[in-house]
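Those sequence lines, one after another, are chains A, B, C, D, E, F, G and H.
If you read the first sequence in UniProt numbering, its first letter stands for residue 1, the second for the next number, and so on.
If you read the second sequence in UniProt numbering, its first letter stands for residue 1, the second for the next number, and so on.
If you read the third sequence in UniProt numbering, its first letter stands for residue 1, the second for the next number, and so on.
If you read the fourth sequence in UniProt numbering, its first letter stands for residue 1, the second for the next number, and so on.
If you read the fifth sequence in UniProt numbering, its first letter stands for residue 1, the second for the next number, and so on.
If you read the sixth sequence in UniProt numbering, its first letter stands for residue 1, the second for the next number, and so on.
If you read the seventh sequence in UniProt numbering, its first letter stands for residue 1, the second for the next number, and so on.
If you read the eighth sequence in UniProt numbering, its first letter stands for residue 1, the second for the next number, and so on.
Hints were generated in silico from the structure; no laboratory data involved.
Computed from a predicted model, the values in this text were never measured in an experiment.
A portion of the hints provided could be inaccurate.
Said to hold, decoys possible - Distance ranges between label pairs, derived from CB positions:
#1 G:Asn56 / F:Asp44: 21 to 27 Å
#2 D:Asp44 / E:Glu25: 36 to 42 Å
#3 C:Gln76 / A:Asn142: 40 to 46 Å
#4 B:Ser115 / E:Gln76: 41 to 47 Å
To be verified - Partial chain D-side listing against chain A, Cβ under 10 Å, derived:
#5 Met1
#6 Asp79
#7 Asn105
#8 Lys106
#9 Pro107
#10 Thr108
#11 Thr130
#12 Val131
#13 Glu132
#14 Ile144
#15 Glu146
We put the CB at the ideal spot given by N, CA and C, even for glycine.
Listed here are the chains, written in short residue letters.
Protein chains: 8
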Amino acid sequence: MNLIVYLAGQIHSDWRAEVEEKAVEKKLPLTFVAPQTNHDRSDDIGDTVLGEQPGNLYRDDAASSINNLRTQVLLQKSDVVIALFGEQYKQWNTAMDASTAISLNKPTIIVRPKSLIHPLKELSNKANVTVETLDQAIDVLNYIYE
Amino acid sequence: MNLIVYLAGQIHSDWRAEVEEKAVEKKLPLTFVAPQTNHDRSDDIGDTVLGEQPGNLYRDDAASSINNLRTQVLLQKSDVVIALFGEQYKQWNTAMDASTAISLNKPTIIVRPKSLIHPLKELSNKANVTVETLDQAIDVLNYIYE
Amino acid sequence: MNLIVYLAGQIHSDWRAEVEEKAVEKKLPLTFVAPQTNHDRSDDIGDTVLGEQPGNLYRDDAASSINNLRTQVLLQKSDVVIALFGEQYKQWNTAMDASTAISLNKPTIIVRPKSLIHPLKELSNKANVTVETLDQAIDVLNYIYE
Amino acid sequence: MNLIVYLAGQIHSDWRAEVEEKAVEKKLPLTFVAPQTNHDRSDDIGDTVLGEQPGNLYRDDAASSINNLRTQVLLQKSDVVIALFGEQYKQWNTAMDASTAISLNKPTIIVRPKSLIHPLKELSNKANVTVETLDQAIDVLNYIYE
Amino acid sequence: MNLIVYLAGQIHSDWRAEVEEKAVEKKLPLTFVAPQTNHDRSDDIGDTVLGEQPGNLYRDDAASSINNLRTQVLLQKSDVVIALFGEQYKQWNTAMDASTAISLNKPTIIVRPKSLIHPLKELSNKANVTVETLDQAIDVLNYIYE
Amino acid sequence: MNLIVYLAGQIHSDWRAEVEEKAVEKKLPLTFVAPQTNHDRSDDIGDTVLGEQPGNLYRDDAASSINNLRTQVLLQKSDVVIALFGEQYKQWNTAMDASTAISLNKPTIIVRPKSLIHPLKELSNKANVTVETLDQAIDVLNYIYE
Amino acid sequence: MNLIVYLAGQIHSDWRAEVEEKAVEKKLPLTFVAPQTNHDRSDDIGDTVLGEQPGNLYRDDAASSINNLRTQVLLQKSDVVIALFGEQYKQWNTAMDASTAISLNKPTIIVRPKSLIHPLKELSNKANVTVETLDQAIDVLNYIYE
Amino acid sequence: MNLIVYLAGQIHSDWRAEVEEKAVEKKLPLTFVAPQTNHDRSDDIGDTVLGEQPGNLYRDDAASSINNLRTQVLLQKSDVVIALFGEQYKQWNTAMDASTAISLNKPTIIVRPKSLIHPLKELSNKANVTVETLDQAIDVLNYIYE
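Chain A extracted, bound-state conformation (with noise of 0.2 Å):
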């Protein structure tokens, strides 16, 4: 049984690479899909598609509204959510993926380090599941198919 699992949080590093490998080193029938991750492309999609906006506002509006599309399409066509979240950047949209996931009852595993428990209780305590390393992230989604 084939599963998607979308991986939502920063851009920043490459770590949905990471998670990758540690898939096909288990050999999960796994697929992942993702935002936009090159980081300049994902704020100037907007700009890019509709030409320049008049000011910043306009600009992220016009980007985000493509990258909610991107994300809708994908989120819908998701098994299970995997959303990790760090100790840089407000993180807002990571927090959206995962609330939207749970709203739609997409089973969904939150990373985030101890640092972030207090700022972080609520939404974890409505996800399934909460670990600290994407190893243990990896670990649920194997509990799947023993």
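Based on these hints, arrange chains B, C, D, E, F, G and H on the given structure of chain A.
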């Protein structure tokens, strides 16, 4: 027509009283509901009800389970949601409440300063309206009754 | 049994007052809700609340976000929807409101002149009832109470 | 990941072939579905299947019932919807298809010329993305696969 | 706790008055709603509102569109549905109303004579409770209040 | 695009074979599913699986529980439903299957002779299309693929 | 804001009266609803309404159909569910009511002694809050009103 | 037509292997999914993934969060659910899985010995079919393919 408005956001200042006052001034038939705004009470509620928990993770999980029950009851009763973001705090449960509201088709207004345009762009794009001040949010509610 | 009726359609004439009058005459326990019917107010509301926007596209998008919030609140409260089409104007948000109502399982009455039979045929077929005059629409509402 | 794209809009020109060509050029794994694009066939289908109807209203209602069945089957199978608006024709079933898609949480792209910004503002605001050309719409679909 | 009860079934006898009387006797806080019970009015309503239709099929379709709107409004307001079947008449819209109620998760009671056990077996199995007399149906409603 | 079509209706004649043949002739990529068409098997299935039941009511309830499970599995897998009504038999589970399909937003075609226009008028009005012959129903399915 | 609370659990002791008393003491604006708490009445209701059934299976099925109708009406009206588990009895319909409530997004509190932690662990994990005493459950309800 | 069948129930005996064998014998195109059937693994999975927990309640909650994620993934993929009850064990998560399946409109078969008729009566009444042996459950699945 009475409407119930859920006020999502931080609980470190008394911004909700300000909203309620403005609504009274404009004689809008609104009932406001909100998370527990006594910060210590909110953090302690798990230990208070369930007894002392073995460490911060468990203490936070216990508290959040009761906070989430409260929010679920009140959010489901609401007709409109206002979610306030500011420059301080992580505010991931504000993002969670706003996203949940949007997923439940609750009309949602985000209030955030200009400085947060970029990190909130995807969530703003999914909300109905994004404004910068509480006065503007009240103006939007007022418009429903014109 | 009181019912709430959303009156979708153009805001250039006072047809809603006519509907309300007829309902009062027949002593029907109906509450009518509607979009903003002050046309300038409706077009200006974005700039009024959010400040002047940089061009028509942005001005219209700002206004429509607030108009859509209003409609979402009121349409969700409604038990029945009447959507009036006439020979003037594009009326795409009338079509949008009627389609949204139908998708939400709100019983929907379309009012349109004979001249619009052909272009409205798919929407008419999905609505519950299509009539030609406001009197006929009121007759349908009256029939609920017989 | 293959996606099915419903192409809503007028059936008087061959714009759909243009979209499909562009998708082939970019090697996007998309399947396109659409309403009946043979205009006479679309208008006649009621009489063709059910026999001659007693007047235009009945003829149009018969045709639209079969057109609506077709659209309902194909729209429910779709992952994304593109809705094209132009300066000619009433296009109320384009608005109906786009609104239905949005209500069903289908990611939706509207394509419309600048001249239609104002009358389409509420629908544009509810869609995920609004662009001006088919090339831009294809760029948005392409972005899902990057 | 007041409950609204939709009484689906034939409109050739005054069985609904009997139900209401029994409810009054037992002082149950129930409001009863029903389809149009004036049979001629029900059959004529399409022509009455829309004008004379060109033949029976069109006359019946026009009438049923208004009857269906009425039923949709009232069924959606209901907390419980009673569907009465008897040995006369086709009663397919009774079956339709009961099935729709079950699909909408409305608790549903079927009343039918022993002679109809076999042809109603699949529908009875999907309903909550099947009884043979109106008294038994009222007993079931009464049980909610004990 | 393959579609699954549920064929609701009586199981006393082999009309389903006729439908399948016509679909093969037209090379339509359709898979047909249906209730148990062996009438004795359908009536006996409760006793066969669960052992002899104490009387007809219990025998019929046991059989219908297994028939309903079968229908629920297959109807949920279907993309389109055809419901055939004829002049014989009560056909209340045909009405039940058609109504359930409509409530689940399954595009639905009713086939009935002219003589049943009046008693089926409300159900016909809720279905997408009503025709008089199986050939017409196949024409409608064929139209999806044009 | 009045809330309706469904009290799921065994009907062999008068624990519900205790809950209501505590709510009155705290002046909480709560209405409590519950299954039939007269145990004999609950077991006999099928035979009482439908006549004597041919054996225990049929007697139990008849009773449960009426008990389930009652629960469905009252659970759908509820805003919060409390499900009490104790060391005696099988309590599978308590588990059923709690699971149904959770599936319907009703905020749910489980009350169970420490001795049942292990067998109830999956259900506790899906509920919003799990406590050990009725006082704690009331404390959680009280927290909604602070 | 392949179907996926979720096998809910205790994990202390190898009854699932028996079901799968019987399905192979009958050449039914079924894929079976199930909870973790290694009992120690199921109980330990929380500590194994997350590290040792501070006491049984926390250990059980951690394990159940991962077990629930697994069940949610697999149950959502299923077309039919079989829930086995026996005389040993509390089996509240069997009741939970069956109730969740019913709430999600998954056709559900309960298998239970005669001795459990009374305590399972409400759940049996809500399930599609209740049988006494695994052979009977397989007979019901087989019937779908006849």
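Hints, verified against the model:
1. Taking the beta carbon of each, G:Asn56 and F:Asp44 are about 24 Å apart, inside 21 to 27 Å as hinted.
2. The supplied range of 36 to 42 Å is broken by D:Asp44 and E:Glu25, whose beta-carbon atoms lie about 60 Å from each other.
3. Evaluation of the 40 to 46 Å hint for C:Gln76 and A:Asn142 yields a pass: the beta carbon distance comes to about 43 Å.
4. Taking 41 to 47 Å as the suggested C-beta distance range, the pair B:Ser115 and E:Gln76 conforms, at roughly 46 Å.
5. Here the hint on D:Met1 is kept, as its CB sits about 7 Å from the closest CB of chain A, short of 10 Å.
6. Here the hint on D:Asp79 is kept, as its CB sits about 6 Å from the closest CB of chain A, short of 10 Å.
7. Residue-level restraint check for D:Asn105 holds (minimum Cβ-Cβ distance to chain A is 7 Å; threshold 10 Å).
8. For D:Lys106, the shortest C-beta to C-beta distance to chain A is roughly 9 Å, which falls under 10 Å, so the interface hint holds.
9. Because the smallest distance between the Cβ of D:Pro107 and any Cβ of chain A comes to about 5 Å, under 10 Å, the interface hint for this residue holds.
10. Taking 10 Å as the C-beta contact cut-off toward chain A, the hint placing D:Thr108 at the interface holds, the least distance being around 8 Å.
11. Taking 10 Å as the C-beta cut-off, the interface hint given for D:Thr130 holds, the closest approach to chain A being about 8 Å.
12. This hint holds: D:Val131 has a C-beta 6 Å from the nearest C-beta of chain A, less than the 10 Å allowed.
13. Checking D:Glu132 against chain A: minimum C-beta separation of about 8 Å stays under 10 Å; hint holds.
14. The interface hint given for D:Ile144 is met, as the beta carbon of that residue sits about 5 Å from the closest beta carbon of chain A, less than 10 Å.
15. Hint status for D:Glu146: holds, given a least beta-carbon distance of 6 Å to chain A, under 10 Å.
Of the numbered hints given earlier, the model fails hint 2 alone.
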